[in-house]
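Visitor: Each chain, written out:
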Amino acid sequence: MALDKGLIGKTGEAVTVQITHEDVMAFAKALGDTNPDYAAGKAVPPTFPIALTGKSGAGLGLLVSLNLDLMRVLHGEQEFEYFAPLKPGDEVTLVPRIADIYTKEGKRGPMEMIVLETTGTKKSGEKAFVSRGVIVYLAPQK
Amino acid sequence: MAKSEFATLKPGDEIQPLTKAPITREQLLDYGPASGDMNPIHRDDNFAKAAGYPSVFAHGMVSMGFLGELLAARFGANNIRRFRVRFGAITWPGDVITCKAKVVKNYEAEGERRLELDLATVDQKGEVKITGSAVVAV
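Going down the list, the protein sequences come from chains W and L. Our numbering applies: residue 1 is where the first sequence begins, and numbers increase by one. Our numbering applies: residue 1 is where the second sequence begins, and numbers increase by one.
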């Protein structure tokens with residue numbers, strides 16, 4: 001049942017997406033965030049990169065290759081590093097990668113931790129962000 | 001480099017907090033397609049119960065989004081250099097979340113003045129839900 005550690009370092013398919021004003025506004029609205037910079041097209045919410053990966057399915061292939069049971073999946077940690085600002089109209093290429101898989105002792109037994117890292121690069125070649133999510137894979141329910 | 005009232009903050013100084021409206025199930029339904037996270041554990045009570053939870057609960061990223069709102073409102077979205085959180089306790093529909101940030105360090109790096117901040121969300125009972133840190137340029 002243990003996850004295949006041989007998948008560490010595996011890179012998923014690169015996906016290129018365009019940031020739309022509509023997507024930025026829907027994201028901000030769901031959070032109840034009325035920052036005027038988003039309506040003005042000057043910036044995107046700090047956690048918006050998660051929508052770029054989530055909506056494009058970048059990294060999904062990698063997750064499918066891990067064959068996870070959704071009922072046992074939790075989002076444990078999330079980190080963003082920002083290198084260049086994003087705004088509507090920007091085209092971003094997302095490259096996902098399994099950065100690490102390790103085991104940790106949890107309340108319900110041993111948990112497996114999967115670090116999924118996605119790098120977002122602008123069309124100009126400038127790196128915009130790195131998103132690093134730690135997925136907790138709980139032990140099966142007894 | 002823009003002159004900023006934050007440039008003179010010291011370790012221990014608190015940033016003006018942000019209290020959000022109560023989390024609603026409708027908001028979680030909206031956040032799904034807006035973020036691309038359609039995990040039924042946030043959308044379907046029966047699924048959540050089958051997975052061992054009393055009801056649906058908020059995506060961790062909703063809480064991180066609230067902290068992001070605080071950081072962007074105070075410092076500007078494009079001035080955030082790093083932002084990380086650890087999802088601790090689960091946040092439920094009805095919870096009233098307050099986002100807090102406290103200065104840990106005021107320093108210069110890569111030609112700009114930066115603050116390192118400790119972050120937390122707490123609910124209406126004062127329970128800490130998620131903790132984290134951020135680096136912002138001021």
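What the hints contain is simulated information worked out from the structure, not anything from laboratory work. Check each hint, because a few of them may be wrong.
Stated by the list, open to error - Cut-off 16 Å, straight-line C-alpha distance, at most; resulting in silico cross-link-like pairs (EDC-like, lysine to aspartate or glutamate):
{"#": "1", "chain 1": "L", "residue 1": "K100", "chain 2": "L", "residue 2": "D13"}
{"#": "2", "chain 1": "W", "residue 1": "K127", "chain 2": "W", "residue 2": "D100"}
{"#": "3", "chain 1": "W", "residue 1": "K29", "chain 2": "L", "residue 2": "D30"}
{"#": "4", "chain 1": "W", "residue 1": "K42", "chain 2": "W", "residue 2": "D90"}
{"#": "5", "chain 1": "W", "residue 1": "K55", "chain 2": "L", "residue 2": "D118"}
{"#": "6", "chain 1": "W", "residue 1": "K29", "chain 2": "L", "residue 2": "E26"}
{"#": "7", "chain 1": "L", "residue 1": "K10", "chain 2": "L", "residue 2": "D30"}
{"#": "8", "chain 1": "W", "residue 1": "K10", "chain 2": "W", "residue 2": "D100"}
{"#": "9", "chain 1": "L", "residue 1": "K102", "chain 2": "L", "residue 2": "E112"}
Said to hold, decoys possible - These stretches of chain W come out as covered by chain L in the derived footprint (C-beta under 8 Å, 3 or more residues):
{"#": "10", "region": "44–55"}
{"#": "11", "region": "76–83"}
{"#": "12", "region": "91–105"}
A virtual CB, placed ideally from N, CA and C, is assigned to each residue, including glycine.
Visitor: So, for every hint listed, does it hold in this structure?
Guide: Hints, verified against the model:
no.: 1; hint: L/K100 <-> L/D13; in the structure: holds (11 Å)
no.: 2; hint: W/K127 <-> W/D100; in the structure: violated (22 Å)
no.: 3; hint: W/K29 <-> L/D30; in the structure: holds (8 Å)
no.: 4; hint: W/K42 <-> W/D90; in the structure: holds (11 Å)
no.: 5; hint: W/K55 <-> L/D118; in the structure: violated (30 Å)
no.: 6; hint: W/K29 <-> L/E26; in the structure: holds (12 Å)
no.: 7; hint: L/K10 <-> L/D30; in the structure: violated (39 Å)
no.: 8; hint: W/K10 <-> W/D100; in the structure: holds (10 Å)
no.: 9; hint: L/K102 <-> L/E112; in the structure: violated (19 Å)
no.: 10; hint: 44–55; in the structure: holds (count 9)
no.: 11; hint: 76–83; in the structure: holds (count 7)
no.: 12; hint: 91–105; in the structure: violated (count 0)
Consistency with the previously given hints fails for numbers 2, 5, 7, 9 and 12, ordered from lowest to highest.
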